[in-house]
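The residues making up each chain are set out below.
Protein chains: 4
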Amino acid sequence: RDENMNSKAPCFGLSELKSWSFWRAGIVEFVATFLYLYISLLTIMSVKKSTSYGDLLCSPECLQAIAWASGATVSALVYCFTAISGGHFNPVVTFGFFLVRKISITRALYYMIMQCLGAICGAAVVKAFQKTRFELLHGGANLVNYESEVIGLFFEFFGTFVLLYAVFSASDAKRTAIDSHVPVLAALPVGFAVFLVHMAATPLSQTGINPARSLATAIVHGKKKGWEDQWIFWLGPLFGTLLAALYYQIVLRPKPFKSRA
Amino acid sequence: RDENMNSKAPCFGLSELKSWSFWRAGIVEFVATFLYLYISLLTIMSVKKSTSYGDLLCSPECLQAIAWASGATVSALVYCFTAISGGHFNPVVTFGFFLVRKISITRALYYMIMQCLGAICGAAVVKAFQKTRFELLHGGANLVNYESEVIGLFFEFFGTFVLLYAVFSASDAKRTAIDSHVPVLAALPVGFAVFLVHMAATPLSQTGINPARSLATAIVHGKKKGWEDQWIFWLGPLFGTLLAALYYQIVLRPKPFKSRA
Amino acid sequence: RDENMNSKAPCFGLSELKSWSFWRAGIVEFVATFLYLYISLLTIMSVKKSTSYGDLLCSPECLQAIAWASGATVSALVYCFTAISGGHFNPVVTFGFFLVRKISITRALYYMIMQCLGAICGAAVVKAFQKTRFELLHGGANLVNYESEVIGLFFEFFGTFVLLYAVFSASDAKRTAIDSHVPVLAALPVGFAVFLVHMAATPLSQTGINPARSLATAIVHGKKKGWEDQWIFWLGPLFGTLLAALYYQIVLRPKPFKSRA
Amino acid sequence: RDENMNSKAPCFGLSELKSWSFWRAGIVEFVATFLYLYISLLTIMSVKKSTSYGDLLCSPECLQAIAWASGATVSALVYCFTAISGGHFNPVVTFGFFLVRKISITRALYYMIMQCLGAICGAAVVKAFQKTRFELLHGGANLVNYESEVIGLFFEFFGTFVLLYAVFSASDAKRTAIDSHVPVLAALPVGFAVFLVHMAATPLSQTGINPARSLATAIVHGKKKGWEDQWIFWLGPLFGTLLAALYYQIVLRPKPFKSRA
Numbered sequence: 016r017d018e019n020m021n022s023k024a025p026c027f028g029l030s031e032l033k034s035w036s037f038w039r040a041g042i043v044e045f046v047a048t049f050l051y052l053y054i055s056l057l058t059i060m061s062v063k064k065s066t067s068y069g070d071l072l073c074s075p076e077c078l079q080a081i082a083w084a085s086g087a088t089v090s091a092l093v094y095c096f097t098a099i100s101g102g103h104f105n106p107v108v109t110f111g112f113f114l115v116r117k118i119s120i121t122r123a124l125y126y127m128i129m130q131c132l133g134a135i136c137g138a139a140v141v142k143a144f145q146k147t148r149f150e151l152l153h154g155g156a157n158l159v160n161y162e163s164e165v166i167g168l169f170f171e172f173f174g175t176f177v178l179l180y181a182v183f184s185a186s187d188a189k190r191t192a193i194d195s196h197v198p199v200l201a202a203l204p205v206g207f208a209v210f211l212v213h214m215a216a217t218p219l220s221q222t223g224i225n226p227a228r229s230l231a232t233a234i235v236h237g238k239k240k241g242w243e244d245q246w247i248f249w250l251g252p253l254f255g256t257l258l259a260a261l262y263y264q265i266v267l268r269p270k271p272f273k274s275r276a
Numbered sequence: 016r017d018e019n020m021n022s023k024a025p026c027f028g029l030s031e032l033k034s035w036s037f038w039r040a041g042i043v044e045f046v047a048t049f050l051y052l053y054i055s056l057l058t059i060m061s062v063k064k065s066t067s068y069g070d071l072l073c074s075p076e077c078l079q080a081i082a083w084a085s086g087a088t089v090s091a092l093v094y095c096f097t098a099i100s101g102g103h104f105n106p107v108v109t110f111g112f113f114l115v116r117k118i119s120i121t122r123a124l125y126y127m128i129m130q131c132l133g134a135i136c137g138a139a140v141v142k143a144f145q146k147t148r149f150e151l152l153h154g155g156a157n158l159v160n161y162e163s164e165v166i167g168l169f170f171e172f173f174g175t176f177v178l179l180y181a182v183f184s185a186s187d188a189k190r191t192a193i194d195s196h197v198p199v200l201a202a203l204p205v206g207f208a209v210f211l212v213h214m215a216a217t218p219l220s221q222t223g224i225n226p227a228r229s230l231a232t233a234i235v236h237g238k239k240k241g242w243e244d245q246w247i248f249w250l251g252p253l254f255g256t257l258l259a260a261l262y263y264q265i266v267l268r269p270k271p272f273k274s275r276a
Numbered sequence: 016r017d018e019n020m021n022s023k024a025p026c027f028g029l030s031e032l033k034s035w036s037f038w039r040a041g042i043v044e045f046v047a048t049f050l051y052l053y054i055s056l057l058t059i060m061s062v063k064k065s066t067s068y069g070d071l072l073c074s075p076e077c078l079q080a081i082a083w084a085s086g087a088t089v090s091a092l093v094y095c096f097t098a099i100s101g102g103h104f105n106p107v108v109t110f111g112f113f114l115v116r117k118i119s120i121t122r123a124l125y126y127m128i129m130q131c132l133g134a135i136c137g138a139a140v141v142k143a144f145q146k147t148r149f150e151l152l153h154g155g156a157n158l159v160n161y162e163s164e165v166i167g168l169f170f171e172f173f174g175t176f177v178l179l180y181a182v183f184s185a186s187d188a189k190r191t192a193i194d195s196h197v198p199v200l201a202a203l204p205v206g207f208a209v210f211l212v213h214m215a216a217t218p219l220s221q222t223g224i225n226p227a228r229s230l231a232t233a234i235v236h237g238k239k240k241g242w243e244d245q246w247i248f249w250l251g252p253l254f255g256t257l258l259a260a261l262y263y264q265i266v267l268r269p270k271p272f273k274s275r276a
Numbered sequence: 016r017d018e019n020m021n022s023k024a025p026c027f028g029l030s031e032l033k034s035w036s037f038w039r040a041g042i043v044e045f046v047a048t049f050l051y052l053y054i055s056l057l058t059i060m061s062v063k064k065s066t067s068y069g070d071l072l073c074s075p076e077c078l079q080a081i082a083w084a085s086g087a088t089v090s091a092l093v094y095c096f097t098a099i100s101g102g103h104f105n106p107v108v109t110f111g112f113f114l115v116r117k118i119s120i121t122r123a124l125y126y127m128i129m130q131c132l133g134a135i136c137g138a139a140v141v142k143a144f145q146k147t148r149f150e151l152l153h154g155g156a157n158l159v160n161y162e163s164e165v166i167g168l169f170f171e172f173f174g175t176f177v178l179l180y181a182v183f184s185a186s187d188a189k190r191t192a193i194d195s196h197v198p199v200l201a202a203l204p205v206g207f208a209v210f211l212v213h214m215a216a217t218p219l220s221q222t223g224i225n226p227a228r229s230l231a232t233a234i235v236h237g238k239k240k241g242w243e244d245q246w247i248f249w250l251g252p253l254f255g256t257l258l259a260a261l262y263y264q265i266v267l268r269p270k271p272f273k274s275r276a
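Protein chains in written order, with our numbering: chain A, 16 to 276; chain B, 16 to 276; chain C, 16 to 276; chain D, 16 to 276.
Take the hints with a grain of salt, since some may be wrong.
A pair holds if it fits inside one copy or across any two, identical chains being indistinguishable in the list.
Think about it this way: if two alpha-carbon atoms lie no more than 25 Å apart in a straight line, the pair counts; the simulated DMTMM-like pairs of lysine to aspartate or glutamate are [what the hints assert, rightly or not]: (1) K239 to E31; (2) K238 to E164; (3) K142 to E164; (4) K33 to E150; (5) K238 to E150; (6) K33 to E243; (7) K23 to E243; (8) K146 to E164; (9) K23 to E164; (10) K142 to E31; (11) K240 to E31; (12) K23 to E150; (13) K33 to E164; (14) K240 to E164; (15) K238 to E31; (16) K146 to E31; (17) K239 to E150.
Note that these hints are calculated values from the structure, not bench results.
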């Protein structure tokens, strides 16, 4: 991965298909996304269970529990998986790395498929063991409640921008050049970014910022209600990623400007 | 920025106006302050919404939610933006760095303007999407409730001292000389400092310690009430910064004393 | 310990018996497991005491208190004890390190015995000073409540997999080769992993993922009820460790694949 | 301070009296202890205020607020002050460093006096601005409630052992030799240790583990009640420090055993 840092990845990269490290990275993405769904959905089931069923809104302590669980999970997973696959476990993070030419399109598609499969399996396991609660809480599906769709879309858009911004900052070539263990330290601010977005957006738009999560909960929940707002949780993150990539390339990317400065 | 660390910045620094890195730093300050207001105000709306409207006081779990959100936001922003602009997003931090001669007056004024603009835009976006709650919670404006103005002023004064102290410690020349990734590690203690000040002062003076935030919420809220205590949230942080800069220069600054010791 | 990292430990390692560092490591494991039980059980007593006696389920704020206390304890203990004994204080972590051939069977057995003794002493001290609460809360024993045994078993299995995964990632030879203080930084993600598993599993299976803890609470509690589900908290973690070791050896272990990649 | 790490400090060290760095360290200890009392007492006032007056026991969310505020304050102060004075702001930490011969008796006494003065000023400022709440909450004084004195003594003894253990581990010569920024990273586990001890002991013995804090709250509160249990909060930490120093010297100190191993 270190070589990718300082140079552009090939566009298609079909030669990668022959290496074990390519296939291994996909397996790792599957496991990481599985774990993310498993833990974050179980936490929702744990926390909601003790207050009230079927209510999507939550009290400050519920909100904190969900936000901390999501943030800490992402932080731990980034720490554990970065060295193997880059630690994406989120289709828009993969898309973002493709946009800034750090991974090939082949790898991007492979990752996204594995992430969605991992997320579906994670949600299915939670459903299997917590059937009653899963139904009552709409399977933790991403729904836009009490607010119009425009606000939900904006929250998703902006939340993903914040996440992608932290991810790009952490994988900055300038930093990794100075210091080899920056990727390890990066786990904390990326986890904080996820925590923050959940604190700000959970009561209003349920916080997706991960289309694999939104898709998986909708599929496993299997009700029409879970599908109604699905487009918001794909379109919002997509545009957020585009803005973050643009901002990264124009304002932050150190190389091009260094010659000018 | 590394050169600024070990030497004094020029007083006016008009030559900086020609470099892209100067303008880019301002853009980054705008974005960072925007994000700070966006996330911290939305968290206030999230947390207050679920308990009671219009009440400025908050329960221990509310307090923790607000303090963690503010602390984690500052920590993540410092991590992401330090390499580009220094990661101030607070007029008094900029003022502090000017006082210890690490940035020029030109840069200081430019940063402060961008910070205030960013804060106003951040508060405006929150108002646009959460109009009802924004009104009920006085737009998250900094008000001194239940206490006399003297106490509010003291809390702001001391809270800013704590924040500036952590910021100065993190950008200490002696440390950065030894170890190039200290600025990355600094994100955590600075975030903790913000968390702490919120834990101690939120129920009493609403915790400003960032005049850009206080100004923006007062402007966007647009009620007379929001302006009454505005002076407290400028004068307090200003004196806190002066004391921290003085303390830093006389007691902590390593260079002058090393020759004596 | 550094040499163990890059080479396999001897199978029996009887020669270790002559070194003080071997015996010291066991003493340290005893103290660490003692501290883990002492703090985590006292926190349960603190938190439960203020809400309701005898109820094993807990509110979101209780859940967070228990999860944070467990995670932070493990994080602090890993930080303090890694340099001396490896910082296991959990029989399945010891078993995992034996499986991937990082410690000898002699050391593994010695550690496990010391861990169980430490855990029993820790629980006994808590019982001695908090007798009434200890009885009312079933001594913090690991019981499977409201759910069938299969779910409890699965939660233990998967929770241990997550923990072991983080532990293996943190002690990865590839990382420690680059960077000598990775073990210090590892304390945070391992602590997060423990926090996460508690958030997800505490209300359902009381979260063991540490057979020394489960054994000690059952022995010190001394009621038949505490023993009924004991097998779950040994079998689940055992299989979780096996899967994590397998996954580590086949998918993650860097050495064998580097030549292929 | 680096030289002190690898060699013993002089017993009296009267020559230190001539250096500015000696006097500066005391000023810094004063400020740090002042800040510790200011923030931790204000947090108690904030959190208790919103639930019930005069009640020393607290709910899980109160407990977490107090524990996090104490832990994060210690973490931030250790980060900021370690380079100047060692970052003790606690008489028993100073005593511990004297016991393992890292500071002279002159410095130890000077630190302790400055710490007690700083703590008294911190508590006095909180009292001045929050008079009503300060009285109602007994000035945050360390009292042993609901339990016999023996248990309170044991909790103090053991809590201090945990704290000192983390402090000694963080200032371990073996670590600092490898890696110059270990003292910076140490701020987190030491903060966690303080958090943990508060989680375990706050509802039962109010958690002192810092005699300067116990003394200051008793003096500023000025009631007979605050003095009754004062001896517990000096004797407990003292014995905890003795045990930690003994354990450190015999079991953990790397130098003597390396030759044997």
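Each hint tested on the structure:
1. For the homomeric pair K239 and E31, neither the shortest alpha-carbon distance inside one copy (40 Å) nor that between copies (58 Å) is at most 25 Å.
2. Taking the closest pair of Cα atoms, K238 and E164 come within 25 Å of each other only inside a single copy of the chain (19 Å); across copies the shortest separation is 29 Å, beyond that limit.
3. In this assembly of identical chains, K142 and E164 lie within 25 Å of each other by CA distance solely across copies; the values are 17 Å between and 27 Å within a copy.
4. Taking the closest pair of Cα atoms, K33 and E150 never come within 25 Å of each other, the shortest separation being 43 Å inside a single copy and 60 Å across copies.
5. Only within a single protomer do K238 and E150 lie at most 25 Å apart by alpha-carbon distance; the minimum there is 10 Å, versus 36 Å between protomers.
6. Taking the shortest Cα distances, K33 and E243 never come within 25 Å of each other, neither inside one copy (40 Å) nor across copies (51 Å).
7. Proximity of K23 to E243 under the C-alpha cut-off of 25 Å is found in neither arrangement, the shortest distances being 38 Å within a copy and 55 Å between copies.
8. Taking the closest pair of Cα atoms, K146 and E164 come within 25 Å of each other only across two copies (15 Å); inside a single copy the shortest separation is 29 Å, beyond that limit.
9. Taking identical chains as interchangeable, the C-alpha atoms of K23 and E164 are never at most 25 Å apart, the minima being 37 Å within one chain and 52 Å between chains.
10. In this homomeric assembly, K142 and E31 never come within 25 Å of each other (Cα to Cα): the closest approach is 36 Å inside a single copy and 49 Å across copies.
11. In this assembly of identical chains, K240 and E31 lie within 25 Å of each other by CA distance neither inside one copy nor across copies; the values are 40 Å within and 56 Å between.
12. Taking identical chains as interchangeable, the C-alpha atoms of K23 and E150 are never at most 25 Å apart, the minima being 46 Å within one chain and 49 Å between chains.
13. For a Cα distance limit of 25 Å, the shortest separation of K33 from E164 qualifies neither inside one copy, at 44 Å, nor across copies, at 44 Å.
14. Taking the closest pair of Cα atoms, K240 and E164 come within 25 Å of each other only inside a single copy of the chain (14 Å); across copies the shortest separation is 33 Å, beyond that limit.
15. Taking the closest pair of Cα atoms, K238 and E31 never come within 25 Å of each other, the shortest separation being 39 Å inside a single copy and 59 Å across copies.
16. In this assembly of identical chains, the alpha carbons of K146 and E31 never lie at most 25 Å apart, being 41 Å within a copy and 51 Å across copies at closest.
17. With identical chains, the CA atoms of K239 and E150 are at most 25 Å apart within one copy only, with a shortest distance of 13 Å there and 35 Å across copies.
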